[in-house]
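The chain contents come next:
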Amino acid sequence: EADIYQTPRYLVIGTGKKITLECSQTMGHDKMYWYQQDPGMELHLIHYSYGVNSTEKGDLSSESTVSRIRTEHFPLTLESARPSHTSQYLCACRGDGYTFGSGTRLTVV
Amino acid sequence: GNSVTQMEGPVTLSEEAFLTINCTYTATGYPSLFWYVQYPGEGLQLLLKATKADDKGSNKGFEATYRKETTSFHLEKGSVQVSDSAVYFCALSEYRANSKLTFGKGITLSVRP
Chain C
124 EADIYQTPRY
134 LVIGTGKKIT
144 LECSQTMGHD
154 KMYWYQQDPG
164 MELHLIHYSY
174 GVNSTEKGDL
184 SSESTVSRIR
194 TEHFPLTLES
204 ARPSHTSQYL
214 CACRGDGYTF
224 GSGTRLTVV
Chain S
40 GNSVTQMEGP
50 VTLSEEAFLT
60 INCTYTATGY
70 PSLFWYVQYP
80 GEGLQLLLKA
90 TKADDKGSNK
100 GFEATYRKET
110 TSFHLEKGSV
120 QVSDSAVYFC
130 ALSEYRANSK
140 LTFGKGITLS
150 VRP
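Residue numbers (our numbering), protein chains in the order written: chain C, 124 to 232; chain S, 40 to 152.
Everything labelled a hint here was simulated from the structure, so no lab data went into it.
Any given hint could be a false lead.
Below, a sample of chain C positions facing chain S; criterion: calculated Cβ distance under 8 Å [said to hold, decoys possible]:
id, residue
1, Tyr128
2, Val135
3, Met164
4, Glu165
5, Val175
6, Leu201
7, Ser203
8, Pro206
9, Gly220
10, Tyr221
11, Phe223
12, Gly224
When the alpha-carbon atoms are kept at most 20 Å apart in a straight line, the in silico SDA-like pairs for lysine to any residue are as follows [to be verified]:
id, chain 1, residue 1, chain 2, residue 2
13, S, Lys107, S, Ala92
14, C, Lys180, S, Lys88
15, C, Lys180, S, Tyr64
16, S, Lys144, C, Asp161
17, S, Lys144, C, Glu165
18, S, Lys144, C, Thr222
19, C, Lys154, S, Lys95
20, C, Lys154, S, Gln84
21, S, Lys95, C, Glu165
22, S, Lys88, C, Asp161
23, S, Lys144, C, His167
24, C, Lys154, S, Lys144
25, S, Lys144, C, Ser225
Reference excerpt, derived from the structure (chain S facing chain C, CB under 10 Å, subset only) [unchecked claim]:
id, residue
26, Gly68
27, Tyr69
28, Val126
29, Phe128
30, Ala130
31, Thr141
32, Phe142
Note that the Cβ used here is the ideal one computed from N, Cα and C, for glycine as well.
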């Protein structure tokens with residue numbers, strides 16, 4: 124049974140639309156992360172948070188933004204989606220180890 | 040900075056073949072090392088880990104030994120199965136409270152019946 128949930132699993136959306144990818148965890152962990160996974164499978168850290176009201180940009184520059192108002196939730200938002208945002212987005216949290224969600228596969232047409 | 044280098048893929052093997060996936064790392068401190076596996080359409084799952092030199096991580100028939108002298112953490116399995124077909128990522132994390140995971144590029148393994 125997953126302790127970290129991502130919704131939706133798949134999303135196809137038109138250019139210019141605003142979207143929010145949801146990530147929720149039930150473990151009470153402070154540290155959470157968003158990774159972008161390109162078609163070649165490489166993983167890039169785009170955002171992370173060490174607790175409520177803490178957000179930082181990751182190693183790969185991203186046009187997305189994140190928020191951390193509650194410990195359990197770490198949503199990622201794209202204000203205006205573009206085809207270049209087509210990718211898989213993976214959320215993770217860290218306690219003793221890292222736990223990953225199942226991912227959201229986003230396609231922008 | 041930290042980095043992880045994995046051998047180039049993809050790798051295609053026949054069932055029951057021996058598997059080796061090479062991984063080397065660069066780190067400023069004394070990292071923990073991990074292998075993650077991603078099955079088709081899924082997120083990442085921890086396969087095994089090692090936290091200090093000469094530790095051997097093992098799980099589901101897979102093994103990897105933390106070699107500080109060669110800065111390596113190669114993944115091995117004696118007899119692969121079709122169900123092992125997946126993408127495998129080597130990763131490291133330093134032993135600091137706010138350390139992040141650094142991943143290799145991943146390698147796709149396909150096992151033929």
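- request: Could you tell me which of the numbered hints above are not met by this structure, giving the numbers in increasing order?
  value: 1, 2, 5, 6, 7, 8, 14, 15, 19, 21, 22, 24, 26, 27
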